[in-house]
Amino acid sequence: GAGVSQSPSNKVTEKGKDVELRCDPISGHTALYWYRQSLGQGLEFLIYFQGNSAPDKSGLPSDRFSAERTGGSVSTLTIQRTQQEDSAVYLCASRYQQGTVGSPLHFGNGTRLTVT
Amino acid sequence: SQKIEQNSEALNIQEGKTATLTCNYTNYSPAYLQWYRQDPGRGPVFLLLIRENEKEKRKERLKVTFDTTLKQSLFHITASQPADSATYLCARVSANDMRFGAGTRLTVKP
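First to last, the sequence lines map onto chains A and B. Numbered per our numbering, the first sequence spans residues 1 to 116. Numbered per our numbering, the second sequence spans residues 1 to 110.
These aren't lab readings, by the way, just hints derived from the structure by calculation. One thing to keep in mind: the hints can contain errors.
Simulated crosslink set (DMTMM-like; lysine to aspartate or glutamate; CA at most 25 Å straight-line) [unchecked claim]:
#  : chain 1 : residue 1 : chain 2 : residue 2
1  : B       : Lys59     : B       : Asp84
2  : B       : Lys3      : B       : Asp97
3  : A       : Lys57     : A       : Glu85
4  : B       : Lys55     : A       : Asp56
5  : B       : Lys109    : B       : Asp67
6  : A       : Lys11     : B       : Asp39
7  : B       : Lys55     : B       : Asp84
8  : A       : Lys57     : A       : Glu44
9  : B       : Lys109    : B       : Glu9
10 : B       : Lys109    : A       : Glu85
11 : B       : Lys71     : B       : Glu54
12 : A       : Lys57     : B       : Glu5
13 : A       : Lys57     : B       : Asp97
14 : B       : Lys71     : A       : Glu85
15 : B       : Lys63     : B       : Glu9
16 : B       : Lys109    : B       : Glu52
17 : B       : Lys3      : B       : Glu54
18 : B       : Lys17     : B       : Asp97
19 : B       : Lys3      : A       : Asp18
20 : B       : Lys71     : B       : Glu52
21 : A       : Lys57     : A       : Asp18
Beyond 10 Å from chain B on every Cβ pair, some chain A residues (computed) [said to hold, decoys possible]:
#  : residue
22 : Ser7
23 : Glu14
24 : Gln41
25 : Asp56
26 : Arg69
27 : His106
Beta carbons: idealized from backbone N, C-alpha and C, even for Gly.
Sequences and hints are given; from them, build the entire structure.
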């Protein structure tokens, strides 16, 4: 079966523009996460979706960042009025989480965002 | 605040030696810790999970330990090979949460 798919793989945008990043999780995975990874840095948690529950948005760095997950499947991360400090790799991951706390995350290969 | 930290940013070892990477956590007790491998330009890939009531877990040349007294997990790669060169990340796991350390970049020299 297919893994987690992210698009685009690379995005170059001008400062001030809005961007949308897409994530297609593994079919049947109930939990979906977005992380941000700056050059040489670890993974910074952004947002978490689990089933029909309200998302955990505690990691979003500012109100310019938002995300949605439609139909419990595809997710879109939107960054409005992009800034140069938004340049990073945005990683999406999903996992099957039904009473299985320790199930592993399956990551996509990320979207590399460059804000010029 | 709850933290998960990997002590070494980078580790260089000679082929054939054992690599040991450290993950420390503070201000909480995770039920699980997971270890991932990340290659350049790719997303992390899951390697091993260890539960708080397990002291050790093995998979081929990999071994993970979990010391709840020291609040530490050690990740060992025995008989290391150049192909093991990558960044290794530890992650704490709770019901809703997956938070990662900054990673240790391992280089195995032939």
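Going down the list of hints, with the structure as the test:
1. For the proposed pair lysine 59(B) and aspartate 84(B), the alpha carbon gap of about 14 Å is at most 25 Å, so the pair holds.
2. Distance restraint check for lysine 3(B) and aspartate 97(B): the Cα-Cα separation of roughly 13 Å lies within the 25 Å cut-off, and the hinted pair is therefore satisfied.
3. For the given pair, lysine 57(A) sits about 19 Å from glutamate 85(A) by alpha-carbon distance, which is consistent with the 25 Å threshold.
4. Restraint check for lysine 55(B) and aspartate 56(A): the C-alpha separation of about 31 Å exceeds 25 Å, so the hint is violated.
5. Note on lysine 109(B) and aspartate 67(B): the hinted pairing is violated, with a Cα-Cα distance of about 30 Å set against a maximum of 25 Å.
6. Only pairs whose Cα atoms come within 25 Å are accepted, and lysine 11(A) paired with aspartate 39(B) is accepted, the gap being roughly 20 Å.
7. Distance check on the hinted pair: lysine 55(B) and aspartate 84(B) sit about 24 Å apart at the alpha-carbon level, within 25 Å; holds.
8. This hinted pair checks out: lysine 57(A) and glutamate 44(A) have alpha carbons roughly 12 Å apart, not beyond 25 Å.
9. A C-alpha spacing of about 17 Å is found between lysine 109(B) and glutamate 9(B), which places the hinted pair at or below 25 Å, so the restraint holds.
10. A threshold of 25 Å between alpha carbons decides the hint, and for lysine 109(B) with glutamate 85(A) the separation of about 35 Å lies outside it, so the pair is violated.
11. Distance restraint check for lysine 71(B) and glutamate 54(B): the Cα-Cα separation of roughly 13 Å lies within the 25 Å cut-off, and the hinted pair is therefore satisfied.
12. Note on lysine 57(A) and glutamate 5(B): the hinted pairing holds, with a Cα-Cα distance of about 23 Å set against a maximum of 25 Å.
13. With a CA separation close to 12 Å, the supplied pair lysine 57(A) and aspartate 97(B) stays within the 25 Å bound.
14. In summary, the hint linking lysine 71(B) to glutamate 85(A) is not supported, as the alpha carbons are separated by about 34 Å, beyond the 25 Å threshold.
15. Simply put, lysine 63(B) and glutamate 9(B) have alpha-carbon atoms about 20 Å apart, close enough for the 25 Å limit, and the pair holds.
16. A distance of roughly 33 Å separates the Cα atoms of lysine 109(B) and glutamate 52(B); the hinted pair therefore is violated under the 25 Å criterion.
17. With a C-alpha separation of about 21 Å, the suggested pairing of lysine 3(B) with glutamate 54(B) holds against the 25 Å cut-off.
18. A distance of roughly 34 Å separates the Cα atoms of lysine 17(B) and aspartate 97(B); the hinted pair therefore is violated under the 25 Å criterion.
19. With a CA separation close to 32 Å, the supplied pair lysine 3(B) and aspartate 18(A) exceeds the 25 Å bound.
20. Of the supplied pair hints, the one linking lysine 71(B) and glutamate 52(B) holds, its CA atoms being roughly 10 Å apart against a limit of 25 Å.
21. For the hint linking lysine 57(A) to aspartate 18(A), the alpha-carbon distance of about 19 Å falls within 25 Å, and the restraint holds.
22. Residue placement check: serine 7(A) keeps its beta carbon more than 10 Å from all beta carbons of chain B (closest about 14 Å).
23. Residue-level check passed: glutamate 14(A) sits 24 Å from the nearest beta carbon of chain B, beyond 10 Å.
24. For glutamine 41(A), the requirement that its beta carbon stay farther than 10 Å from each beta carbon of chain B is not met, with the minimum near 6 Å.
25. Chain B draws aspartate 56(A) into its interface by the beta-carbon criterion, the shortest separation being 6 Å against a cut-off of 10 Å.
26. Once the 10 Å rule is applied to beta carbons, arginine 69(A) is consistent with being away from chain B; the minimum gap is 15 Å.
27. For histidine 106(A), the condition that its CB be more than 10 Å from all CB atoms of chain B is violated, with the nearest at approximately 7 Å.
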